[in-house]
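**Q** Produce the complete structure using the sequences and hints provided.
Number of protein chains: 2
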Amino acid sequence: MKPIKLIVFAVFAVFLAALRTHAASPLPSWNDGPAKQAIIEFVQATTDNTNPKYASPADRIATFDQDGTLWVEHPMYPQMIYCLKRIGILAAKNPEMKNEEPFKTVLSGNPEALGKLSAEELQKIAMTALTGMTVDEFNAEVTKWIEWAKHPRWKRPYTELTYQPMLEVMQYLRANGYKTYMVTGGGQDFARTFAERVYGIPPEQVVGSMGNLKYGYDKDGRPMLTVEPKILLEVNYTGKPEGIHLMIGHRPHIAFGNSPGDRQMLEYTKAGDGARLALLVLHDDAQREYAYGPAQGLPDTKVGRFPQELYDEAGKKGWVIISMKSDWKRIFAFDQ
Amino acid sequence: MKPIKLIVFAVFAVFLAALRTHAASPLPSWNDGPAKQAIIEFVQATTDNTNPKYASPADRIATFDQDGTLWVEHPMYPQMIYCLKRIGILAAKNPEMKNEEPFKTVLSGNPEALGKLSAEELQKIAMTALTGMTVDEFNAEVTKWIEWAKHPRWKRPYTELTYQPMLEVMQYLRANGYKTYMVTGGGQDFARTFAERVYGIPPEQVVGSMGNLKYGYDKDGRPMLTVEPKILLEVNYTGKPEGIHLMIGHRPHIAFGNSPGDRQMLEYTKAGDGARLALLVLHDDAQREYAYGPAQGLPDTKVGRFPQELYDEAGKKGWVIISMKSDWKRIFAFDQ
Numbered sequence: 001m002k003p004i005k006l007i008v009f010a011v012f013a014v015f016l017a018a019l020r021t022h023a024a025s026p027l028p029s030w031n032d033g034p035a036k037q038a039i040i041e042f043v044q045a046t047t048d049n050t051n052p053k054y055a056s057p058a059d060r061i062a063t064f065d066q067d068g069t070l071w072v073e074h075p076m077y078p079q080m081i082y083c084l085k086r087i088g089i090l091a092a093k094n095p096e097m098k099n100e101e102p103f104k105t106v107l108s109g110n111p112e113a114l115g116k117l118s119a120e121e122l123q124k125i126a127m128t129a130l131t132g133m134t135v136d137e138f139n140a141e142v143t144k145w146i147e148w149a150k151h152p153r154w155k156r157p158y159t160e161l162t163y164q165p166m167l168e169v170m171q172y173l174r175a176n177g178y179k180t181y182m183v184t185g186g187g188q189d190f191a192r193t194f195a196e197r198v199y200g201i202p203p204e205q206v207v208g209s210m211g212n213l214k215y216g217y218d219k220d221g222r223p224m225l226t227v228e229p230k231i232l233l234e235v236n237y238t239g240k241p242e243g244i245h246l247m248i249g250h251r252p253h254i255a256f257g258n259s260p261g262d263r264q265m266l267e268y269t270k271a272g273d274g275a276r277l278a279l280l281v282l283h284d285d286a287q288r289e290y291a292y293g294p295a296q297g298l299p300d301t302k303v304g305r306f307p308q309e310l311y312d313e314a315g316k317k318g319w320v321i322i323s324m325k326s327d328w329k330r331i332f333a334f335d336q
Numbered sequence: 337m338k339p340i341k342l343i344v345f346a347v348f349a350v351f352l353a354a355l356r357t358h359a360a361s362p363l364p365s366w367n368d369g370p371a372k373q374a375i376i377e378f379v380q381a382t383t384d385n386t387n388p389k390y391a392s393p394a395d396r397i398a399t400f401d402q403d404g405t406l407w408v409e410h411p412m413y414p415q416m417i418y419c420l421k422r423i424g425i426l427a428a429k430n431p432e433m434k435n436e437e438p439f440k441t442v443l444s445g446n447p448e449a450l451g452k453l454s455a456e457e458l459q460k461i462a463m464t465a466l467t468g469m470t471v472d473e474f475n476a477e478v479t480k481w482i483e484w485a486k487h488p489r490w491k492r493p494y495t496e497l498t499y500q501p502m503l504e505v506m507q508y509l510r511a512n513g514y515k516t517y518m519v520t521g522g523g524q525d526f527a528r529t530f531a532e533r534v535y536g537i538p539p540e541q542v543v544g545s546m547g548n549l550k551y552g553y554d555k556d557g558r559p560m561l562t563v564e565p566k567i568l569l570e571v572n573y574t575g576k577p578e579g580i581h582l583m584i585g586h587r588p589h590i591a592f593g594n595s596p597g598d599r600q601m602l603e604y605t606k607a608g609d610g611a612r613l614a615l616l617v618l619h620d621d622a623q624r625e626y627a628y629g630p631a632q633g634l635p636d637t638k639v640g641r642f643p644q645e646l647y648d649e650a651g652k653k654g655w656v657i658i659s660m661k662s663d664w665k666r667i668f669a670f671d672q
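Quick note, the sequences are listed as chains S and Z, same order.
Positions 1 to 336 (this note's numbering) are the ones given, in order, by the first sequence.
Positions 337 to 672 (this note's numbering) are the ones given, in order, by the second sequence.
In case anyone wonders, no lab produced these hints; they're calculated from the structure.
All of these numbers come straight from a predicted model, not from anything done at the bench.
Be aware that one or more of the hints could be misleading.
Unchecked claim - Quick list of in silico lysine-lysine cross-link-like pairs, DSSO-like style, CA-CA up to 27 Å:
{"no.": "1", "chain 1": "S", "residue 1": "36", "chain 2": "S", "residue 2": "325"}
{"no.": "2", "chain 1": "S", "residue 1": "124", "chain 2": "S", "residue 2": "150"}
{"no.": "3", "chain 1": "S", "residue 1": "93", "chain 2": "S", "residue 2": "104"}
{"no.": "4", "chain 1": "S", "residue 1": "230", "chain 2": "Z", "residue 2": "638"}
{"no.": "5", "chain 1": "Z", "residue 1": "550", "chain 2": "S", "residue 2": "270"}
{"no.": "6", "chain 1": "S", "residue 1": "214", "chain 2": "Z", "residue 2": "566"}
{"no.": "7", "chain 1": "S", "residue 1": "302", "chain 2": "S", "residue 2": "124"}
{"no.": "8", "chain 1": "S", "residue 1": "98", "chain 2": "S", "residue 2": "150"}
{"no.": "9", "chain 1": "S", "residue 1": "155", "chain 2": "S", "residue 2": "116"}
{"no.": "10", "chain 1": "Z", "residue 1": "389", "chain 2": "Z", "residue 2": "421"}
{"no.": "11", "chain 1": "S", "residue 1": "219", "chain 2": "Z", "residue 2": "606"}
{"no.": "12", "chain 1": "S", "residue 1": "53", "chain 2": "S", "residue 2": "316"}
{"no.": "13", "chain 1": "S", "residue 1": "316", "chain 2": "Z", "residue 2": "550"}
{"no.": "14", "chain 1": "Z", "residue 1": "429", "chain 2": "Z", "residue 2": "460"}
{"no.": "15", "chain 1": "Z", "residue 1": "460", "chain 2": "S", "residue 2": "230"}
{"no.": "16", "chain 1": "S", "residue 1": "219", "chain 2": "Z", "residue 2": "653"}
{"no.": "17", "chain 1": "S", "residue 1": "36", "chain 2": "S", "residue 2": "317"}
{"no.": "18", "chain 1": "Z", "residue 1": "434", "chain 2": "S", "residue 2": "124"}
{"no.": "19", "chain 1": "Z", "residue 1": "486", "chain 2": "Z", "residue 2": "434"}
{"no.": "20", "chain 1": "S", "residue 1": "219", "chain 2": "Z", "residue 2": "652"}
{"no.": "21", "chain 1": "S", "residue 1": "98", "chain 2": "S", "residue 2": "85"}
{"no.": "22", "chain 1": "S", "residue 1": "36", "chain 2": "S", "residue 2": "53"}
{"no.": "23", "chain 1": "S", "residue 1": "219", "chain 2": "S", "residue 2": "230"}
{"no.": "24", "chain 1": "Z", "residue 1": "606", "chain 2": "Z", "residue 2": "652"}
{"no.": "25", "chain 1": "Z", "residue 1": "665", "chain 2": "S", "residue 2": "214"}
{"no.": "26", "chain 1": "S", "residue 1": "214", "chain 2": "Z", "residue 2": "653"}
{"no.": "27", "chain 1": "S", "residue 1": "214", "chain 2": "Z", "residue 2": "486"}
{"no.": "28", "chain 1": "Z", "residue 1": "434", "chain 2": "S", "residue 2": "214"}
{"no.": "29", "chain 1": "S", "residue 1": "124", "chain 2": "Z", "residue 2": "460"}
{"no.": "30", "chain 1": "Z", "residue 1": "555", "chain 2": "S", "residue 2": "270"}
{"no.": "31", "chain 1": "S", "residue 1": "230", "chain 2": "Z", "residue 2": "550"}
{"no.": "32", "chain 1": "S", "residue 1": "316", "chain 2": "S", "residue 2": "85"}
{"no.": "33", "chain 1": "Z", "residue 1": "555", "chain 2": "S", "residue 2": "317"}
{"no.": "34", "chain 1": "Z", "residue 1": "606", "chain 2": "Z", "residue 2": "460"}
{"no.": "35", "chain 1": "Z", "residue 1": "638", "chain 2": "Z", "residue 2": "434"}
{"no.": "36", "chain 1": "S", "residue 1": "316", "chain 2": "Z", "residue 2": "555"}
{"no.": "37", "chain 1": "Z", "residue 1": "665", "chain 2": "Z", "residue 2": "491"}
{"no.": "38", "chain 1": "S", "residue 1": "325", "chain 2": "S", "residue 2": "302"}
{"no.": "39", "chain 1": "Z", "residue 1": "550", "chain 2": "S", "residue 2": "214"}
{"no.": "40", "chain 1": "Z", "residue 1": "550", "chain 2": "S", "residue 2": "317"}
**A** So this is what it looks like as structure tokens:
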């Protein structure tokens with residue numbers, strides 16, 4: 001080969017190699033840093049069958065909290081916004097609700113009063129709004145709502161306010177043989193209406209809170225399933241590992257969360273043999289999303305609170321903190 | 337081509353075609369008949385995207401009862417045999433159980449007295465035997481037991497007493513994009529210990545009865561999950577469609593059972609749009625397995641009873657009856 005040809009060939013080979021590297025580089029919306037590195041090292045170790053930390057394909061389970069981990073939860077959980085709207089519909093049919101708390105406050109629409117509702121009152125609102133329908137009616141109603149409801153800040157559907165870096169993590173894990181599960185304190189059937197379209201997570205891989213199911217018949221004698229106003233599963237705190245065992249039957253190898261409701265899921269994940277990775281999303285980017293803690297001096301909040309003791313526990317136990325501000329190049333798919 | 341060569345070629349082509357047909361012929365342990373035909377027509381219709389009954393791959397859900405549908409349930413459910421043995425172990429540690437019914441009867445080992453235990457007494461035995469352990473302890477104990485315990489008639493492990501024609505149906509459905517689920521009134525964690533090895537059904541595709549799960553810590557502070565003696569899910573009768581919605585979130589396209597505990601699952605399956613198939617195994621082969629009804633004049637039984645009204649309902653609603661005697665060429669893999 002003549003020298004000039006050799007140079008052309010060498011340049012071309014370098015160019016091809018660069019192209020390949022680029023195509024194979026996972027997590028493009030992540031900055032290089034300890035969080036991205038931990039995820040990639042974990043995937044490489046558990047999928048390399050010469051590595052002592054290798055995980056068999058059947059064991060490759062990844063679990064993700066939803067609110068604040070996969071999509072925006074501020075200023076209020078999207079499901080709670082749906083519930084408030086549904087209380088309005090129910091009150092129009094049942095006028096006695098207009099004089100009953102906490103529905104009276106809900107119907108006032110006063111943001112300050114809404115912000116002061118207690119956990120018990122919010123639970124009562126959710127139970128009233130999310131039960132009493134057949135699963136088919138509920139599914140149809142949420143499917144309609146989720147299409148037109150818009151976030152007050154971005155004026156976009158909630159399903160567009162999913163975190164692009166997390167969507168990439170899910171794709172990367174699936175490309176490496178992991179089954180991705182959502183494990184949410186929110187309603188299982190609520191999330192199932194859009195989880196496949198938005199996250200690529202099919203209904204059977206959504207683990208969430210559930211009311212009691214009741215099999216019966218409609219007026220034409222056709223079978224129907226109704227959700228009763230009685231909690232069957234509450235997938236939060238200890239309910240996360242309990243729900244994981246019930247619905248999946250394996251311990252996850254990797255788990256993502258963002259608040260104390262995810263603590264036990266992360267602890268349970270890390271208690272397994274071999275490589276296990278636990279990660280917490282820290283909302284420290286008021287400009288591109290929101291900033292709340294009160295960990296690390298961030299403003300305190302009632303929604304998705306991240307206390308300093310969780311931050312300290314993460315440090316002691318080797319749970320990885322994902323800083324939205326420094327670890328993520330972009331937050332949303334529509335960001336430039 | 338000369339005539340002689342042409343004939344050789346034609347014979348060879350026919351031979352090849354026959355080979356192909358043979359290789360592609362599913363359900364080799366099934367006799368040609370209405371049950372085999374219904375299964376094959378169902379699979380062909382739901383996987384042909386030019387057919388109006390086509391089912392998208394995400395919707396291809398198949399559910400199977402276990403006891404009497406996938407493996408032998410006579411003279412007693414294998415799980416109940418495990419429970420009886422475990423009562424013995426518990427009574428050795430807790431002598432007061434020796435004077436308490438129904439444990440006293442269990443410990444007597446008297447088959448006639450055991451046969452007279454009521455449904456409530458059997459439930460008490462099961463709850464006592466299947467709860468109070470961590471899920472890891474339980475898993476380890478059942479894994480050991482299922483390896484050495486042998487059926488009194490065949491002197492083989494229960495896991496060899498699975499029905500070969502049903503294993504073929506599961507393989508055939510999976511080869512056509514169906515996800516196969518077990519939906520059993522028996523314990524979910526019990527079946528999970530062997531479902532993958534025996535049926536190719538991974539833990540997350542086993543839906544069964546469950547006690548309440550409780551997250552806690554062992555004496556070394558390690559997380560553990562314990563099963564409490566309180567029913568969370570009872571996956572029988574109406575509990576089958578309820579468990580299917582909870583754990584799968586789709587209506588099955590095809591469902592197999594063998595007794596009234598499966599009735600609602602079959603009804604729920606058939607109530608969906610498009611092609612839906614419901615099938616019931618009838619134990620009418622005393623020589624190769626067992627014969628019990630009392631449908632169709634078969635002997636009555638307490639275990640896996642198949643009443644005449646279920647048989648009549650199947651006829652009215654187009655549910656397919658699988659006769660073990662006439663539809664199955666062989667029952668077990670070890671049969672000639």
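**Q** Taking the hints in turn, state whether each one holds.
**A** We went through each hint and held it up to the structure:
Distance hint between residue 36 of chain S and residue 325 of chain S is fulfilled; the C-alpha atoms sit about 13 Å from each other, no more than 27 Å. At roughly 24 Å between alpha-carbon atoms, residue 124 of chain S and residue 150 of chain S fall within 27 Å of each other, so this suggested pair holds. At roughly 14 Å between alpha-carbon atoms, residue 93 of chain S and residue 104 of chain S fall within 27 Å of each other, so this suggested pair holds. For the proposed pair residue 230 of chain S and residue 638 of chain Z, the alpha carbon gap of about 34 Å is over 27 Å, so the pair is violated.
Our distance criterion of 27 Å between C-alpha atoms is met by residue 550 of chain Z and residue 270 of chain S, whose separation comes to about 18 Å. Among the hinted pairs, residue 214 of chain S with residue 566 of chain Z is consistent with the structure: their alpha-carbon atoms are about 19 Å apart, no more than 27 Å. With a C-alpha separation of about 17 Å, the suggested pairing of residue 302 of chain S with residue 124 of chain S holds against the 27 Å cut-off. For the suggested pair residue 98 of chain S and residue 150 of chain S, the alpha carbons sit about 26 Å apart, so the restraint of at most 27 Å is met.
The straight-line distance between the Cα atoms of residue 155 of chain S and residue 116 of chain S is roughly 25 Å, inside the 27 Å bound, and the hint therefore holds. Taking the CA atoms of residue 389 of chain Z and residue 421 of chain Z, the gap is about 48 Å. The hint is violated against a cut of 27 Å. Restraint check for residue 219 of chain S and residue 606 of chain Z: satisfied, since their Cα atoms lie roughly 18 Å apart, inside the 27 Å limit. Restraint check: the Cα-Cα separation between residue 53 of chain S and residue 316 of chain S comes to about 22 Å, which is no more than 27 Å; the hinted pair holds.
Note on residue 316 of chain S and residue 550 of chain Z: the hinted pairing holds, with a Cα-Cα distance of about 25 Å set against a maximum of 27 Å. Proximity of residue 429 of chain Z to residue 460 of chain Z is assessed by CA-CA distance (about 18 Å); at most 27 Å being required, the pair is judged to hold. Distance check on the hinted pair: residue 460 of chain Z and residue 230 of chain S sit about 25 Å apart at the alpha-carbon level, within 27 Å; holds. A C-alpha spacing of about 19 Å is found between residue 219 of chain S and residue 653 of chain Z, which places the hinted pair at or below 27 Å, so the restraint holds.
Restraint check for residue 36 of chain S and residue 317 of chain S: the C-alpha separation of about 18 Å stays at or below 27 Å, so the hint holds. The straight-line distance between the Cα atoms of residue 434 of chain Z and residue 124 of chain S is roughly 47 Å, outside the 27 Å bound, and the hint therefore fails. Note on residue 486 of chain Z and residue 434 of chain Z: the hinted pairing holds, with a Cα-Cα distance of about 26 Å set against a maximum of 27 Å. The suggested pairing of residue 219 of chain S with residue 652 of chain Z holds, with an alpha-carbon distance near 20 Å, which does not exceed 27 Å.
A hinted pair counts as satisfied when its Cα atoms are at most 27 Å apart, and residue 98 of chain S with residue 85 of chain S qualifies at roughly 14 Å. The straight-line distance between the Cα atoms of residue 36 of chain S and residue 53 of chain S is roughly 19 Å, inside the 27 Å bound, and the hint therefore holds. For the proposed pair residue 219 of chain S and residue 230 of chain S, the alpha carbon gap of about 24 Å is at most 27 Å, so the pair holds. Under the criterion of a C-alpha separation no larger than 27 Å, the hint pairing residue 606 of chain Z with residue 652 of chain Z is consistent with the structure, at around 13 Å.
A threshold of 27 Å between alpha carbons decides the hint, and for residue 665 of chain Z with residue 214 of chain S the separation of about 40 Å lies outside it, so the pair is violated. Proximity of residue 214 of chain S to residue 653 of chain Z is assessed by CA-CA distance (about 23 Å); at most 27 Å being required, the pair is judged to hold. For the suggested pair residue 214 of chain S and residue 486 of chain Z, the alpha carbons sit about 38 Å apart, so the restraint of at most 27 Å is broken. For the proposed pair residue 434 of chain Z and residue 214 of chain S, the alpha carbon gap of about 39 Å is over 27 Å, so the pair is violated.
Only pairs whose Cα atoms come within 27 Å are accepted, and residue 124 of chain S paired with residue 460 of chain Z is rejected, the gap being roughly 35 Å. Between residue 555 of chain Z and residue 270 of chain S the alpha-carbon distance is near 18 Å, which keeps this suggested pair within the 27 Å criterion. For the given pair, residue 230 of chain S sits about 19 Å from residue 550 of chain Z by alpha-carbon distance, which is consistent with the 27 Å threshold. The straight-line distance between the Cα atoms of residue 316 of chain S and residue 85 of chain S is roughly 42 Å, outside the 27 Å bound, and the hint therefore fails.
Simply put, residue 555 of chain Z and residue 317 of chain S have alpha-carbon atoms about 19 Å apart, close enough for the 27 Å limit, and the pair holds. Our distance criterion of 27 Å between C-alpha atoms is broken by residue 606 of chain Z and residue 460 of chain Z, whose separation comes to about 34 Å. A C-alpha spacing of about 26 Å is found between residue 638 of chain Z and residue 434 of chain Z, which places the hinted pair at or below 27 Å, so the restraint holds. Distance hint between residue 316 of chain S and residue 555 of chain Z is fulfilled; the C-alpha atoms sit about 20 Å from each other, no more than 27 Å.
Proposed proximity of residue 665 of chain Z and residue 491 of chain Z is supported: the alpha carbons are some 22 Å apart, at most 27 Å. Restraint check for residue 325 of chain S and residue 302 of chain S: satisfied, since their Cα atoms lie roughly 21 Å apart, inside the 27 Å limit. For the hint linking residue 550 of chain Z to residue 214 of chain S, the alpha-carbon distance of about 24 Å falls within 27 Å, and the restraint holds. A distance of roughly 23 Å separates the Cα atoms of residue 550 of chain Z and residue 317 of chain S; the hinted pair therefore holds under the 27 Å criterion.
In summary, the structure is inconsistent with hints 4, 10, 18, 25, 27, 28, 29, 32, 34 from the numbered list given earlier, while agreeing with the others.
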